[in-house]
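J.: Chain by chain, the residues:
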Amino acid sequence: MNTPLGNDWDSRTARWAMRMALALGLPLAVFLVFLLAVSTDNTTQPSPFFAWLYWINFVVAGALLLVVLALGLRLGWRLHKRRFGSRLLFKLAAVFALVGVLPGVVIYTVSYQFVARSIETWFDVKVEGALNAGLNLGRTTLNVLQTDLQAKARNLSVQIAEDPTTLSPLTMEQLRQQLGLQQITVFDGNGTVLVTAGGNPFSLVPDIPGPNSMRQLRTMGSISDIEGGDDGSGQTPQTLKLRVVVSLPSRHFVLPGHGRYLQLIQDVPQAISSSALEVQRAYGEYQERALGREGLKRMYISTLTLTLFLAIFLAVLLAVMLGNQLAKPLLLLADGMKAVAEGDLRQKPHFERNDELGVLVRSFNTMTNQLAEARAQVQFNHDALEASRAYLQSVLDNLSTGVLVLGSDQRLALANPSATRLLRAPLQGLIGQPLQQHPSLAAFAQTLSDAFAALNEQDPAGASPHWLQQIDYQLPGSDASITLLVRGARLALPGQPASVVVFDDISEVISAQRSIAWAEVARRLAHEIKNPLTPIQLSAERLQMKLASKLEGADRDMLQRSTTTIVNQVQAMQHMVNDFRDYARLPAGKPERMNLNALIRDVLNLYTSLPAHDGASPDEDPEVKADLAASLPDILGNATQLRQVIHNLLQNAIDAVAAQPERRVRIRTEALPAQAGGPMRVRLNVSDNGPGFSEKILHRAFEPYVTSKPRGTGLGLAVVKKIVEEHHARIEIQNLQAEGSVCGARVSLIFPGLAQQAVVEAPLQKA
Amino acid sequence: MKPPRPSPDFQRRKLLRAGLALAVGASAVQRVRATTVDTEPLMLTMSPDGLFVTTAAVFALPRSLEDVLTRGIALYFETVATVVRLRWYWFNDEVAQTRREVRLAYQPLLQRYRVSVGGLQQNYDNLDEALGVVQRTRHLRVAEAAQLVPGQSYQLDARFRLDLSQLPRPFQINISSQSDWKIEATFPPQAFVWTP
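For the protein sequence lines, the chains are A and B, in the order given.
Residue 656 is where the first sequence starts when you use the numbering used here, and the numbers rise one by one after that.
Residue 179 is where the second sequence starts when you use the numbering used here, and the numbers rise one by one after that.
Excised from the complex, chain A in its bound form (with noise of 0.2 angstroms):
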């Protein structure tokens, strides 16, 4: 009964079973009753319907027998593969068939003992003796009567033969009624009757013997017969009578067939041929009964045994239904359990029924009901759950800033990938590993905890207690650091510590806040100390002016030296003034489509003032090599603005390179492939054999005023950067390594390109 396909079968059968049942055992019963009652009947005449009834018991029994044999195999069967439910309907069944067989089995035990025995008292040897000694006195007395009527026969045949005066009518009527005959008759051989008296007095004939009892007469010479009597078969007369035939002998000789003979005829008295006759009737019922006990035993048991088996094969058909029956619903039930236990709760068994197995029924699926809508609650709720959750993780996935939860120790329990980034530690790794352990991360982990304990000591009982601060991280592996902005906050969680930490690479921020403060310094420097300048560069050269003449000798020349001293740092200062001027303030240039390689080549023409200079004197001026590819895409761009980009990365080559033995400057331009949709860009180097760049000063390198140079405003990389920015491009810093150790440095800037015909503007009217 595990799958509805199983149970419905189940059902089928056990419908099929009740019918079959049905079908074959009420017909039964009729026929048993009648089988009994006509067995028990006691005619001599048998049934024809005996055998029949007989056989057609016999089949039905064994039918039955096979439906039994075949639950009972189906039972065993499902017993043997430990179909569930199968041992509570063995029970269930082997309990019902308990109760139906052994009553029945006691009762057909006494019967059969009782049917047995009762059947051998009937016939004992006392009776059978009485009977046969009823016979003999019947027979003896007949005899008698027999040898009496032989006496009187011979007498008279004597009588008449002495005087044949006594052949008349007259006197044979008074010696029938002397001597107490039925008849007297004479006749002879021929069968002719010469005299008769008495007889039945409306038969003309008299009744005289057959042709055969003629033959033996005249054989033997007498006859002596006793006639009548009953042989069962209802026709003959319920009267004996006695029969003598001599011949009379005569005193002639007489030709053989013409004797004559005397014939008496007397009826036994009533009242013994009837007692004889009830005798032989009684005797022969009696010899009946014996001979057939066996057969009348055999009978009574038979029906009695087939009456067993047939209650017995009903009281196990019944069994098996009934506990089918009454297992049904508690396998459903069960079945449900099952069901249930395994998670499934659709299935519910229906079961119709007011007693209080159908309550019970009701109630599981009451309960199943329940269980399911909880469960669909609990689902639905750790469905919400997990959605919010994942919808924590994608914000915390995509969120750029790096989130850490620590619990107690600080120990990792969560890390967003931003984190993993920012901090370039394997924290992934981590979780659930104390944040120190980590050696890189030895040191972050220190200012947090200090920052979380003066959170402590700070208000421990804080609405929403949280500290920022701001802290230089040493990224691993490297000496450069990054700034980072930490907030950290106490999770209000209950039962464990737990914090979270959220930082952020701030680093971007304080450079472009640095850039935006010296743009400020320089507009103010420019504008505080352009003006004094002019004056005073005006009053030195009035100075000399006025007093050159006045002045002789050392006087004049000391003069003139200091003028011209003045004037010249007047001009550097003005120059330099400038330069903060145009960084704070870089005119918005126009763009337009040009070639890098012919601006290149123009800015070139400034540091090598004739193409033949060209490495000509090594010692005065480094060697500039231009390295310019064929056929370099336009770009978009303000020459103006270019112009000094490029001045100011030749300049700051030409300076690094100043105190090298062999100097070498190099600039090139290439054109790089495209990236997948886009157009071709360009990419400009320029790239020295000096020193390099420190570490710290690679990292900040386009900050203003950080620079390596002794005499430098460190504006340069700032401008070219501010420069680069404006036109889109993109630009790298890095040193030169040459077997482990810089030897150089270079600086690329990569633009985009245009494409060859399309002029594309629409990127450079926003800037």
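Among the clues, some could well be false.
As the list claims (entries may be wrong) - In silico contact screen, one side only, chain B against chain A (beta carbon under 7 angstroms); selected entries: (1) GLY228; (2) VAL246; (3) ILE251; (4) GLN285; (5) PRO286.
Quick caveat, the hints were computed from the structure, so don't treat them as lab data.
Everything numeric in this text was worked out from a predicted model, so none of it was measured.
Even glycine gets a Cβ: it sits at the ideal position worked out from N, Cα and C.
The hints should help you fit chain B onto chain A, whose structure is shown.
T.: Showing chain B alone in chain A's frame:
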């Protein structure tokens, strides 16, 4: 009683029966062979009054039946004779049929046997005489002359048997286990042309 002919058919039947007995196996009932009945050829008498037949089926009454008889239980024997017209194209046409029933009884009181045929009764002092009457059917009218067509070929079938169904009911139960009570014989069919 003549000894049974040792024919191959008989041998085969014996074998078959032995096999059957083996197959039945557990059945403890001792199988007794059916009583052998010797049939003599039918004797036909064609007269203007009709067709008459004289039959003789000779058998020895088994001991058990004799016992039954001497205890006063009547035995009924029947002879059935049938005239059929053979039809090769259809079932045979049953022209006429006659049944003669003979009742054999013993009177313990008078210690004699009585044979009743129809209304006629005859007493005999010993069994053999009585049986002789039972076994022989003399001049039994099978068909009226009107039922038969002169010149037509017919066949006379006859059979003789002990009618067990007229025994008292308790004996009926035992019949299946007492096969020697089965006294049956079918006379060899006799073909004749009706020429009265």
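J.: For a quick check of understanding: which of the numbered hints are violated here, in increasing order?
T.: 1
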